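Take these sequences, add in the hints, and give me the full structure.
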Amino acid sequence: MTVFSRTLSLNSPSETQALAVQMAATLEPGDVVLLEGPIGAGKTHFARSLIQSLLLAIEDVPSPTFTLVQVYDGPSSEIWHADLYRLSAPDEVVELGLTDAFEDAICLVEWPDRLADLAPENALTLRFEISPQEEHRTLTLTSASNHWAEKLAGVPT
Numbered sequence: 001m002t003v004f005s006r007t008l009s010l011n012s013p014s015e016t017q018a019l020a021v022q023m024a025a026t027l028e029p030g031d032v033v034l035l036e037g038p039i040g041a042g043k044t045h046f047a048r049s050l051i052q053s054l055l056l057a058i059e060d061v062p063s064p065t066f067t068l069v070q071v072y073d074g075p076s077s078e079i080w081h082a083d084l085y086r087l088s089a090p091d092e093v094v095e096l097g098l099t100d101a102f103e104d105a106i107c108l109v110e111w112p113d114r115l116a117d118l119a120p121e122n123a124l125t126l127r128f129e130i131s132p133q134e135e136h137r138t139l140t141l142t143s144a145s146n147h148w149a150e151k152l153a154g155v156p157t
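Each residue of the sequence shown is one higher than the one before, starting from 1 at the first, in our numbering.
Just so you know, the hints here were simulated from the structure itself, not pulled from any lab data. One or more of the hints may lead you astray.
[Claimed, not checked] Just the calculated beta-carbon pair ranges, DEER-fashion:
#1 A153 <-> A89: 36 to 42 Å
#2 T138 <-> Y85: 33 to 39 Å
#3 A57 <-> I130: 32 to 38 Å
#4 A25 <-> L118: 23 to 29 Å
#5 S88 <-> P13: 29 to 35 Å
Small disclaimer: the values here were computed from a predicted structure and weren't measured. All residues carry an ideal CB built from backbone N, CA and C; glycine is no exception.
And the structure:
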């Protein structure tokens, strides 16, 4: 059941970056953001921008496509960035330690469909869709938790 839903238009990579920075400021340990959308839709750009805004020192933030998970030391908790594209079964998620990280880290998960029933009920889902106009994206934010409506009240629509 969806209790929070918002749709935004992102007209450039810089708007995507700005949104990521605004959202990063609201995140706390235990927050899970699920990033959906086709290849090239902006999931990794969003995650990279969000992570870099939380780090105390400038650090390279590579895509975790091949490593599956990258972990960063944030000011209040670890930040986990996972790309589950190459996984074939949900039990592989448990082996990565990701389900434990859901409890006390900030987690960004690309290709969350690989989680199946392991996806946290209170997660925020960001669905990126490529628009016909070059560099434009439609972003739909949804959650089954009121937690996100309150948390993102100050993020522009």
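Results of checking the hints against the structure:
1. A153 <-> A89: 36 to 42 Å: For A153 and A89 the Cβ distance comes to about 38 Å; the hint holds.
2. T138 <-> Y85: 33 to 39 Å: violated, 21 Å
3. A57 <-> I130: 32 to 38 Å: 33 Å Cβ-Cβ, so the 32 to 38 Å window holds.
4. A25 <-> L118: 23 to 29 Å: With Cβ atoms ~27 Å apart, the hint holds.
5. S88 <-> P13: 29 to 35 Å: holds, 31 Å
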